[in-house]
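Take a look at the letters that make up each chain.
Number of protein chains: 2
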Amino acid sequence: MALIGILGGMGPLATVDFMERLIALTSSAGASRDQQHLPMLVVHLPHIPDRSEALLGNGESPLPALLHGIGMLNRNEVELIVIPCNSAHHWYDEMRAESRAPIIHIAEASVAALPAGVRRVAVLATGGTLHSGLYQRMLAARGFESVEPDAATQHHIDACITDVKAGKIGASTEHLALALDWFARQGAQVAVLGCTELPLAAQQMSAPPIPTIDSTLELARATVSYALAHGWNRPL
Amino acid sequence: MALIGILGGMGPLATVDFMERLIALTSSAGASRDQQHLPMLVVHLPHIPDRSEALLGNGESPLPALLHGIGMLNRNEVELIVIPCNSAHHWYDEMRAESRAPIIHIAEASVAALPAGVRRVAVLATGGTLHSGLYQRMLAARGFESVEPDAATQHHIDACITDVKAGKIGASTEHLALALDWFARQGAQVAVLGCTELPLAAQQMSAPPIPTIDSTLELARATVSYALAHGWNRPL
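The listed protein sequences correspond, in order, to chains A and B. Position 50 (the first sequence) corresponds to 50 in the UniProt record's numbering; numbering is contiguous. Position 80 (the second sequence) corresponds to 80 in the UniProt record's numbering; numbering is contiguous.
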């Protein structure tokens, strides 16, 4: 039996949201009984030091704790690893180097989902991920132009993420709406929600001013595609 | 760092619902940042053979697969185990005997939540759990009288559970409403939702005809109480 390894807890609700997407996508692919669903091992470690703070130079590195989680998943013989936290992907190469199991890259999956013809792409992420340039580099490599937030807009993005982590989804949505309005005024054609807390706020918006790419959903799609192609929904 | 072990996947959405309750209860207890939440290890094994079918004599025993999951959690040094599936608790003693970590019993947590003064309690569960008498014995031991469904009502309960497992929440709610109406007519004062799929349907009901005890929520409450009492929300 092949297990999908999830390194989660960053944050807790985003991991649950990711699992729910995996299950819904597997149902859409035809699973109607428990036994047709995908086995997973979820190492849910909310105590991992804050990724964004570390990237901004304000806190301890999460890398030892991330590698601890990656090691645990590999010791339990998972066949694939996914990490529903964009900021953690700053340390992708270090995690990949210590993992037997392949790791799907959340930002690669998200950028791959951008529609053809689009040029200006808004980057919504933690302050740390924005500062690290993770999405900007990946967008440039594929011929897209990044639209980065100004300070006031990043403040709304940060507040949205903090509110989701505190379970205040209503308030988080207001901050996200203000951020997306600003990006729309800058001529951004699509917004990448490059932090897995942001889709939880976006799901509550009746009419986002520009279309969004949901990094949680794109990671879930890539995971389910991989798993179904390998037949992991079939018990041995 | 102490880990809460969850033996899940029975079914997939019920496990996600359980995790979401754990996180919400931890937030309500004051957690506002990732690092104040509870670490978990979730062994999510939807391929475990159908518990209800086995209890009705129609399928292979899930016990070897359940013990495989319990073994995996113990090898990873979890300090507590919870299983968000009522039917699996038919094998509680066998699992407990092979587990170093204590296992909270979902039916004990649910029956303990019944309000004083109540006498007639509706039992809603899989056909297998109903047949096993798990809830009826526990209710009788505490002085409650079980109201068991007739065949037509059990058909609605089974259909509700099957629909939730297939992701058809809307249809599942109609079946649950018909079952609860029948129990109300029998004079049941409270209904125990003794299957972790049922609360997913109940959450969509605007006005259940009798109050319900939600076994997913009661297991989550017992888990969070235990974990917070042991300080597991504080990183080492």
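Just so you know, these hints were derived from the structure itself, not from any lab. Hints may be right or wrong, so weigh each one.
In silico SDA-like cross-links for lysine to any residue, where the CA-CA straight-line distance does not exceed 20 Å [stated by the list, open to error]:
1) K168(B) / D158(B)
2) K168(A) / K168(B)
3) K168(B) / A109(B)
4) K168(B) / G59(A)
5) K168(A) / E20(B)
6) K168(A) / L25(B)
7) K168(B) / L25(A)
Legend entry - Straight-line alpha-carbon gap K168(A) to L25(B), limit 20 Å: Since the Cα atoms of K168(A) and L25(B) sit roughly 13 Å apart, the hinted pair holds (cutoff 20 Å).
Legend entry - Proposed proximity, K168(B) with K168(A) (alpha carbon, max 20 Å): Judged against 20 Å, a Cα distance of about 28 Å means the pair is violated.
Inset, instruction - Take a quick look at whether K168(B) and L25(A) sit within 20 Å of each other, Cα to Cα. - result: Roughly 13 Å separates the two Cα atoms, so the pair holds.
Inset, instruction - Starting from K168(B), check that the Cα of D158(B) is at most 20 Å away, please. - result: Holds - the C-alpha atoms of D158(B) and K168(B) are around 13 Å apart, at most 20 Å.
Inset, instruction - Please work out if K168(A) and E20(B) have their alpha carbons no farther apart than 20 Å. - result: Holds: K168(A) and E20(B) sit about 14 Å apart, inside 20 Å.
Inset, instruction - Sort out whether G59(A) lies within 20 Å of K168(B), counting only the CA atoms. - result: Outside the cut-off at roughly 45 Å; violated.
Legend entry - Restraint check for K168(B) with A109(B), where alpha carbons must lie at most 20 Å apart: Violated. K168(B) to A109(B) sits at ~28 Å, over the 20 Å cutoff.
Of the numbered hints given earlier, the model fails hints 2, 3 and 4; all others are met.
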